[in-house]
Structure formats: C-alpha cells, structure tokens
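One line per chain: the protein sequences are A and B, in this order. Residue 484 is where the first sequence ends in our numbering, and the numbering goes up by one at each step. Residue 503 is where the second sequence ends in our numbering, and the numbering goes up by one at each step.
Hints may contain errors.
[Said to hold, decoys possible] Cross-link-like lysine to any residue pairs, in silico, SDA-like; alpha carbons within 25 Å at most:
(1) B:Lys74 <-> A:Leu408
(2) B:Lys481 <-> B:Phe44
(3) B:Lys74 <-> A:Gln295
(4) B:Lys188 <-> A:Glu474
(5) B:Lys166 <-> A:Glu474
(6) B:Lys188 <-> B:Trp69
(7) B:Lys166 <-> B:Thr229
(8) B:Lys166 <-> A:Gln295
It should be emphasised that the hints constitute simulated quantities derived from the structure, not laboratory data. Just so it is clear, the structure is predicted and the values come from calculations on it, not from any experiment.
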Amino acid sequence: MIEFNPADLRVIAPELFLLCSTFAILLIDLFLKPAQRPVTHWLSVLALVVTGCLVATGAPSTGEVISAFDGMFLRDGMATVLKLFVLLTIGMVFIYSRSYLRERRLLIGEFYLLLLFAALGMMLMVSAGNLVTVFLGLELTALSSYALVALNRDSPLSSEAAIKFFVLGALASGLLLYGMSMLYGATGSLDLAAIHAVADFSSNSPHRSLLAIGMAFLIVGIAFEFGAAPFHMWLPDVYHGAPTAVTLFISSASKLAAFGLAYRLLEGALGGMSPDWTMMLAALAALSLAVGNVIAIAQTNIKRMLAYSTISHIGFVLLGFVNGTAIGFGAAMFYIVCYALMSTAAFGIIMVMARAGFEAEEIDDFKGLNQRNPWYAGMMALAMFSLAGVPPLFGFFAKLMVLKVVIDAGYLWLALVAIVFAIIGLFYYLRVVKVMYFDAPQDASPLELPRDPINRWLLSLNGLALLVMGMAWNPLLEWCNRAFEVIG
Amino acid sequence: MTVPNILSVLIWLPIVGGLAVFACRRNADAARWLALLVTLATFIVSLGLLTGFVPDGPLMQFVENHAWITALKSNYALAADGIAIALIVLTTFTTILVVVASWGPIRERVSQYMAATLLLEGFLIGVFSTTDALLFYVFFEAMLIPMFIIIGVWGGPRRVYATLKFFIYTFFGSIFMLIALIYLHLKTGEFSLAAFAAAPLSMTEQAWLFFAFFAGFAIKVPMWPVHTWLPDAHVEAPTGGSITLAAIMLKVGGYGFIRFSLPITPDASIEYAWVMVALSLIAIIYVGYVALAQEDMKKLVAYSSVCHMGFVTLGVFIAVALVRMDGNLGAARLATQGAMVQMISHGVVSGAMFACIGVMYDRLHTRTITEYGGLANVMPWFAAFMVMFSMANTGLPGTSGFVGEFMIILASFQHSPLVALAAAFTLVISAGYTLWLVKRIIYGEIKNEKVAAMPDLNIREWVVLAAFAAAVIGIGVYPKPLTDLMEPAVQQLVQQLTTAKV
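Could you build all of it, start to finish, from the sequences and the hints given here?
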C-alpha cells in the first residue's frame, strides 16, 4: 500500500504541469476556428518551455536520486538530461512542421495534443522506477505515436505505416510485458531497485532460467523501441509513410526515450546481470551497423535512407552499452543526444524543401540545392557530414566517445566492425552532398522558405550547432557523464 | 615582429575569412579580392614565424595550450618547430598563388570556391601546428570536406567519381589511425603527442600501431600501391585544387610519418623500415615508368608526384635504418633533412607544374599531350617558365629539386649502395618523362592553328609562375636558411630514434 505523501507531488511537478496544460489546450482548441490555430501552436510551445523550466529548477544535484511514490518515480541526472532534450526536440517538431502541416491541411489540434501526450509518456518512461511505470509511459508514448503516424488519414501509405507500426508495436509491448512478468515471477517485485538487488547470475539464484528468459524478452522489447536490427522492420515503412513532421518526432524524441527505457530496464533492473546482456547488445549492435549501413546504400527515398541510417546509429548507441559502466552509458547518452540534433536538422530541411502537393522525399529532389539556396544546402551538408562522422562536426565526437568506451571494454573487434561500416555508410551520406552540390537542379527556381522566421532561425541554429558543438562539446559530455555518477 | 598567439591567428584567420568570402555570393569580384586579401594577410602573419623563431631556443616554439575536452585530457595545444614552420609558410605562400591562379578560370560560384580554398588553408595550417593528436586528427579529416567540394563542383567530366574515390579512400586510411589514437589514449590517459612518444609499448603493440599510422599516412603521401586515387583526383580537379593537393596536402602524409610513426613506434619503424624503403623504391622506379606512358599531362605530373614523394618516404626510413643498423647519425640527419627539403621543393615544383598545365588548359581546354606542340614559338614566356620547372622536376642542380634528392641519395649510399643506385635511377627516368613532355609540348613545329592562336601569359599568370620560379631557384641555389631552420628539429628526431622503447 503506497502512502500518499504530498511532497511527492513536488517531484512530479513538471509532469503534472504538462498533463494539466495538455488538458487545457485540448479544451481551448475545441473552441478555436482553424484560422486561430496559432493559439494552439504557441500554447503548446509555451507548455513545453514551462515544463522544461520546471524540470531544470527541480533537478537533483550530481549523484543524487529523488524518488517519489515509494520508488515508482525517480528523478536523477539522466532523467533530467533526457527530459530536457525530449522537450527540446518536440518543441522543434512543432516549430519545423507548422508550415509543412498547414500546406497539407494537417495542422489540426490533435497533432499538438498527441505530441504533448507522447512527451508526457516519455517523461514518465525515463523517470520510471517500477515496471508498472515503465509500461505506463511506454504505452502512452506508443499509442500517441501510432495515431500520429496515421495523421494523414487520406494517404494509403500513411495508414499502412500506422497499421504496421501498431501491429508490430503491440507485439513488442506484449513481449516486453511477458518478460516483465517473468522478472516479477523470479524476483517477486516490480520495483526496479528491488529487482536489481536480487537479480544476478553469480549467486545460487533458484530462478536462473526464468531470469534469463525474462531478460531476453526485455531486450527484444527494447530493441524494437530502438529499431535495432533484427527488430527494425517497422522503421523504414513508418519513416516513409508517416508525414515528415511525425517522422522527425519518431527519429529524435522517441529514440531519446528509448535510451531511457533501455537504461532503466538493463542497468536499473538487471545491472547485476550485465555480463550477460552486454553480449546480446554487442550482437544487436554489430547487426544494426551492418544492416543499416548496407541497405541504406540501395535507397532512393531520402526518408527511407535516413531510416536505415537511424538503424546504424542505434548500433553505435548500443555499442556504448557494452561497457556496462557509467562512462559507457554517458557516451551512449551523448551519442543519442547528438543523433537527435542531427536528425532534427536533416528532417527540418526535408520539410523546408517540401511544398504544397510536393514531398521532397526522393534523393533526386535535392539535386542542385546549392544553386537554389546555398544556405540550406550548407546546413544539409553539415547534417550529412555530421551523420557520417567526419570531423570537425559533432557526429564525429559522439562516435569517438563510443569507440573509446568499446575499446576500453576490450571489444577491439567490435570497434573495427563499427569503423568498417562507418566507411561504408560514408558513401550514402556523401551521395546526398553530391546531388546537392555537383548535380544540376531539376527545378532551378529559388527555394520557397517557410514564412515563420522562428522556423528559419531555429533550423539554421540547429545546423550551425552541429558545427559549433564540434569544437565546444565538452560541457555536454561532462553533463552526460555526470548524469551517471549515481552508479559510480 | 610577431603577432601574439600567432599559430591560432594563422589557423583562424583563413577560416573566418573564408566564411566572410562565402557571404559575398552576389559579387564575384568582391569574393576574389577579399580572398586575396585574406591570403596575403595570412602570409604576412606567417612570416612572423620565420622572424620570431629563435634558432637556439627550445625545439617547440610559439606554444599555446588550453584545455579543450577535459574528459579526454585533450588540449587545444599548438606549437611549431622548424619543420612545421617551413610547411606552414609553404602553405600560406602557395594559397596566395592558388587564389591568383583561380582568378580567371573559376567563373561559377566564385565565393564558394574561394571560401573552400581558404577553409582548406586554415585546416592545413592546423594540421601542421598542433601537438595534440585528437586536434591533429580533426584537422586532418576536416580538410577532406573542402577538397571534396572543390573537386566535385569545379572539376572535370569524371569529377564525381574522382572526388568520391578521393574522399572514401583517404577516410578509409585515416579511420584506422583513429583507432590507434584511441588505443594510445587509453594507454596514456592523454592525447598529447609528447605523452604518446613517451609511452612504453611492446613490439606487438608498436607493430599494430605502426601499420595503423601507415594506413593513414601512406594513402595521403600517397605511396605505391595505395596511390591510385591521386591520378584521378588530379586529373579531375580544377587547377587551384590540383596545386593545393600536390603542393600541400600530400605533405601531410610525410609530416605524419615523422610526427607519429617515428617517435611513437620507433622499434616497429626500424623493423619494417625495409618494407617502407622497398615501397618507396617501387614508387620511384615503377611509377616513373608509368608516368612515361601517360598521354594526359595532369596524369603524368600526378604520377611524377608519386615518384618524388617516394623520395620523402625513402629519406625518412633510410634515416631510421642508418640510426639503428649503422649507427651513422650524421648520415641519418642528412637523409631526414633531405626528405624535409624534398617535401618543400616538391611542394613548389609540383604546384608550379600544375599551374603551367592550368595555363595551357585555359587556352585549349584539353590536357592531351598530342594536342599541343611548338608552344615555344607562340608563348615564349610560358615556354621559359615551363622548361625551368621541368628542369627542377628532373632534379637539375641549381633548382630546388636537386637539393633534397641529392641529400637522400648521398645518405642512402652510406646504408646500402644498392638502394642509392636504385634511387639514383630516378634521375634518368624523371628526366625521361619530363623532358619528353617538354619536347612534345614546347618544341617542334606549331601543331595546328589553335595552338598558333594561343596568347602568351597574362599578368596574373606571369605573377604566379614567377613567384614559383623565385622559390624554385631560391631553394636550389641557397638552401641553407631552410636547412638551418629545420636542423634542430631534425637533430631531435634522429636523437629520439637512438633510444629503443623495448
């Protein structure tokens, strides 16, 4: 029986605020005419900003964990970092997609509400201290995402993607839940810390096989959330079918949350079994690197190409886990944050390129972009070089930190696999630069820019951040490393 | 007088200037003049390195050191010794000429071209001036991006193939070096080159590291058999790109060998010196024959670059052999010194050769040798310069080409007369392909009316070639200031080789 402690409400103040403001926006939006949609837009952005401030003000100091509701809800360094970046990327989704959605008559209140609920679910997921909270957060996020993918309900592609996403997602949730039930059966507790205390292979645990099978199911669920090979099948179809605004969300915020989920379940609950799950993650990582980088070469659709690129980047994130130490998780989180920023830049530019009735989805649509608009071509080139991991851009340093961790853990072969596939991956990123710079445009008219100046400025800032962070990434790295000082 | 924080100024002035040039996209002339101004300013600042250098002072001068990434103990650490200074001044000098040489030929997207050239200059100076391995790697890779764009946008018909090959090939090599650097970092906990050089390493470790460095630098030099990207890149690159590539970028490979391979893995260097010497000799002889068969002028000069850079690697590794096998430190110093002079000299000579080809290409839009003939009759000034640079390319005494090659052959003789004989053979082959090229292009009857209509050099071209010519003759006649500048660094390098790590 959980005792109600009013002080706990203060711990979940950001989530409570987000929940209340989402309901308020839901009500306000009902009374707005389509022409007044900007009210919903700015209220949603405001809600995210205030939530972000609440997250930042109540943040725990280094190495401290604030727990509420009898350990159901945790606020630690990692939760703070991930929540802030989830809120940031969702704010970027709002700002980048406004004109894109308006041109397609998709700028409806549901878009904002579903994303705000998804944000709430993610915040819950990364703060979860109990299997129930994990699942609650996961399902809130997943259900919102399914609906978002189907946002363009007149498009068969969009509906098909949503159905695939839903069916496979439901299966993955089922597997995850099944794994959780086995953990519960083996340890008799739903609390992550309590499971951590008893779940290990070294002692003469009476439930070794049950734990092992439970762990395998959990990893399948996590791999699905990430989109790691071989559980990646949904990812290219969803990226391709979903409106680009939603793809942007799935490729950035969802991956940040998936990292939180992986950390909570693997280290938070099964930390004692890390020698066993690191091997499984190493295999997933190697496979993701191979599948992602090789198949991306064959793509002609840039959204599908970026989907496979996501798979390969997830491989790198999982590499950070093979160390199973604070420094490894720090590197992996650094990587996922960096990836989220690169992916928002790339999809942001894809949305700038799109016009009413025209999706800039094919790589060929980028032909001669440098002649049409050198500035955005430069931003896209920065995003591509950064994704490819070419110094001095941000993406290189994320790879560097992960490779360091992997070699430190003694997996030199894994580091070599990673760099060989990074070289293969270089080709398809360079191809995008090639079509932008070396080819003549199919349509030489100058690029129509979004009217919203905040959109233009934020996107430029996003692209330049990839360059500037390449020289000044130390603070972010320190921040990510500090977040894991709890586990020492 | 020297500017404070001179190395930082030299790195960031062209980079910031490049971004400013990028902004002048509506006005091509403004972009050209601004680019020229920036390169001139950079060159003048770089002269401060020569005047401010204290010959009897510490080895590494103009030191700057700031914490960069605390978690990795990697610093924004800059410093330069004589070798680095010589290469930095070569870079700033050549980049001015690149800007002037591209004045007329580049007509489209001028601001972007000039911006890329300036960024490249900044990155190259960064490579030569840093003493932090991670920062070195960042600059080392960053320079691929502007070159990729230069070849791909302003290059010839097969530019896309050439530039992708160039990028992926060189990236492939250097990424193994990255693993080596991470390994050394985990071993020492730092990223400074001094710490790496002091790290105790077993023979097996050294061998692996040596080959990881080899992958990065041999492709850059390029050594036989990993030179195949160079002819493609050169043929397709615009004139300015070719000059930068041949004159400066290739030097990064040779510089890497003396900064990384020799100090960090001295025992592996001696163990595998014979491999390096053999590969260098193959480059010198075999690639020389390949050059003889070329019909495209740029390809010919590209292969001759591979030959001449073979001398650089020969000089470096024959020095290693001289120290450890013969204990002949004097000859080892001579060989290293020769390799360094050869780097500078090849920078000037190959840059000049590509500038000459650019002049011809701008008039006739072909690089096929058989399309030309009898240029001496219509372009006397040009013919005079071209013949002079060709002489330097064959290593005629009195030109810069002679100094380095002679020193290396002299030193090699003291290790093995056979190696010296093979290396000296190049004087015959390179005379063969270069003079035959001159004979077919410059001398003889005027080939056709198109050649007859070719105007002689305009003032810009004249300035570029005259500047190169002054450098070629200057180094050739009186190399002492250059060798004096580099002597302390060379001495230290050779001294370091005498102590084994295992």
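Outcome of the hint check:
no.	hint	verdict
1	B:Lys74 <-> A:Leu408	holds (22 Å)
2	B:Lys481 <-> B:Phe44	holds (21 Å)
3	B:Lys74 <-> A:Gln295	violated (41 Å)
4	B:Lys188 <-> A:Glu474	holds (21 Å)
5	B:Lys166 <-> A:Glu474	violated (37 Å)
6	B:Lys188 <-> B:Trp69	holds (20 Å)
7	B:Lys166 <-> B:Thr229	holds (9 Å)
8	B:Lys166 <-> A:Gln295	holds (20 Å)
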